[in-house]
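Turn these sequences into a full structure, and let the hints steer you where they fit.
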Amino acid sequence: MLQMTATCSRVDRVEGAVTLTVQPKAKFHIEQEKKKKKKKKKKKKKKKKKKKKKKKKKKKKKASLHPLHPLSFTQPGLPPFSPSSLIVPLPS
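For the sequence shown, the UniProt record's numbering gives the first residue as 1, with consecutive numbering after it.
Check before you lean on any hint, since a few could be wrong.
With a straight-line Cα cutoff of 35 Å, these simulated DSBU-like cross-link-like pairs (lysine-lysine) come out [said to hold, decoys possible]:
#, residue 1, residue 2
1, Lys62, Lys48
2, Lys50, Lys60
3, Lys62, Lys52
4, Lys46, Lys61
5, Lys43, Lys54
6, Lys49, Lys62
7, Lys43, Lys53
8, Lys51, Lys61
9, Lys40, Lys50
10, Lys52, Lys41
Everything labelled a hint here was simulated from the structure, so no lab data went into it.
All values reported here derive from a predicted model rather than from experimental measurement.
Okay, structure coming up:
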C-alpha cells in the first residue's frame, strides 16, 4: 500500500488569494507479505524388495477327445460304444 503524506511548504498571499504548494513526501510503506515458501523435502525413495514370483504348477490337461471320437459317446452306465449300433436297419 502506498501512503502519501502532504506537507504544506509555504503559504503565498498574493492579492488576497491563498495558494498552497504541496510537496508530497512520498512514504513508501510497502508491506510485502513474505509468504514463507516451505521447501519440499525430497523423500528418499525406499527400495522396494522384489517379490519372488511363485511358479504356478501347470495342471496337465486331459486330452480332449474329438467330438466324433468313439469314446466321446460313452457315458457312465451305458454300454460301450460300438459303431455298429449307429447302423439302423431301414424298414422295408
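Quick rundown of the hints versus the structure:
The straight-line distance between the Cα atoms of Lys62 and Lys48 is roughly 41 Å, outside the 35 Å bound, and the hint therefore fails. Taking the CA atoms of Lys50 and Lys60, the gap is about 29 Å. The hint holds against a cut of 35 Å. Distance hint between Lys62 and Lys52 is fulfilled; the C-alpha atoms sit about 30 Å from each other, no more than 35 Å. Between Lys46 and Lys61 the CA atoms are separated by roughly 43 Å; this puts the pair beyond 35 Å, and the hint is violated.
Annotation: proposed proximity of Lys43 to Lys54 holds, straight-line Cα distance about 32 Å (limit 35 Å). Of the pairs offered as hints, the one joining Lys49 and Lys62 is violated, with about 38 Å between alpha carbons and a cut-off of 35 Å exceeded. Proximity of Lys43 to Lys53 is assessed by CA-CA distance (about 28 Å); at most 35 Å being required, the pair is judged to hold. Proposed proximity of Lys51 and Lys61 is supported: the alpha carbons are some 29 Å apart, at most 35 Å.
The straight-line distance between the Cα atoms of Lys40 and Lys50 is roughly 29 Å, inside the 35 Å bound, and the hint therefore holds. The hinted pair formed by Lys52 and Lys41 meets the criterion: a straight-line CA distance of about 32 Å does not exceed 35 Å.
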